[in-house]
Amino acid sequence: MGLLVFVRNLLLALCLFLVLGFLYYSAWKLHLFQWEDSNSVVLSFDSAGQTLGSEYDRLGFLLKLDSKLPAELATKYANFSEGTCKPGYASALMTAIFPRFSKPAPMFLDDSFRKWARIREFVPPFGIKGQDNLIKAILSVTKEYRLTPALDSLSCRRCIIVGNGGVLANKSLGSRIDDYDIVVRLNSAPVKGFEKDVGSKTTLRITYPEGAMQRPEHYERDSLFVLAGFKWQDFKWLKYIVYKERVSWTHNIQREKEFLRKLVKARVITDLTSGI
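Each step along the sequence shown adds one to the number in the numbering used here, with nothing skipped, and position 126 is 126.
Please note that the accuracy of each hint is not assured.
Within a straight-line C-alpha distance of at most 20 Å, the following computed EDC-like cross-link-like pairs (lysine to aspartate or glutamate) qualify [what the hints assert, rightly or not]:
| id | residue 1 | residue 2 |
| --- | --- | --- |
| 1 | Lys-129 | Asp-111 |
| 2 | Lys-136 | Asp-111 |
| 3 | Lys-239 | Asp-132 |
| 4 | Lys-196 | Asp-179 |
| 5 | Lys-143 | Asp-110 |
| 6 | Lys-196 | Glu-210 |
| 7 | Lys-143 | Asp-132 |
Each pair of labels, with its calculated beta carbon distance range [as the list claims (entries may be wrong)]:
| id | residue 1 | residue 2 | range |
| --- | --- | --- | --- |
| 8 | Lys-196 | Asp-271 | 44 to 54 Å |
| 9 | Gly-127 | Met-213 | 23 to 33 Å |
| 10 | Phe-101 | Ala-150 | 20 to 30 Å |
No lab work stands behind these hints: they were computed from the structure.
No residue lacks a Cβ here, since even glycine has one placed at the ideal position from N, Cα and C.
Make a model of the complete structure from these sequences and hints.
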């Protein structure tokens, strides 16, 4: 009986300790959140990383992201009518709301990619660290890695991005989409048979292996295929395609299968499908 009383008291003490610990932790997190929030108006930067004052949040964005343009931009673009292409507008507005914004690197990798030291410091998807040889091999046989001369010659380009989530179904926005200079489609966003809703023009198709259409005839002959590499296997996948080698859609999972077989054999897990 004495042992049961001791265990009960021990459990009560432990529960009390856990409750107090939780309350203390919650209070600390709340204080930390408030501290970060109060400091978010102080930590703001210009394009060189210097503090600006109290108008920007901790990431460097304007605290008030409304539709009003800064006075300088409003004056510069005052004579442009709604819907017309405004040269440099997107970059100027982005710089206004996020002063740290810069675009020194080209949109697409080309033969000069080795000189961009910053993107070589980080592994995919934030850079190309460790991918130099693969990228060099791909670019050596790539015919195009820029926009077409006709698009490059435009002083201003209006762009639209079309996804593949199905939200354009029955919206009849096809003709409006085709009015844009550059139409970017993501992954397997369909076109054929859906022109009324999604348009018929494709300038760029951006994808990665898992989201790519697997049949060549589904791609537009007059569009540019753009790989968004999130991991090193993505660059290897593109190399397989460019050199017309056997495509490996996944990495070698033999070690994982061997590990899982051991778990099944030891009855740690159950393989209901007998697929391991």
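Going through the hints against the structure:
| no. | hint | result |
| --- | --- | --- |
| 1 | Lys-129 x Asp-111 | 16 Å, holds |
| 2 | Lys-136 x Asp-111 | 7 Å, holds |
| 3 | Lys-239 x Asp-132 | 12 Å, holds |
| 4 | Lys-196 x Asp-179 | 13 Å, holds |
| 5 | Lys-143 x Asp-110 | 11 Å, holds |
| 6 | Lys-196 x Glu-210 | 27 Å, violated |
| 7 | Lys-143 x Asp-132 | 19 Å, holds |
| 8 | Lys-196 x Asp-271: 44 to 54 Å | 47 Å, holds |
| 9 | Gly-127 x Met-213: 23 to 33 Å | 27 Å, holds |
| 10 | Phe-101 x Ala-150: 20 to 30 Å | 28 Å, holds |
Violated hints amount to a single one, hint 6; each of the other numbered hints is respected by the structure.
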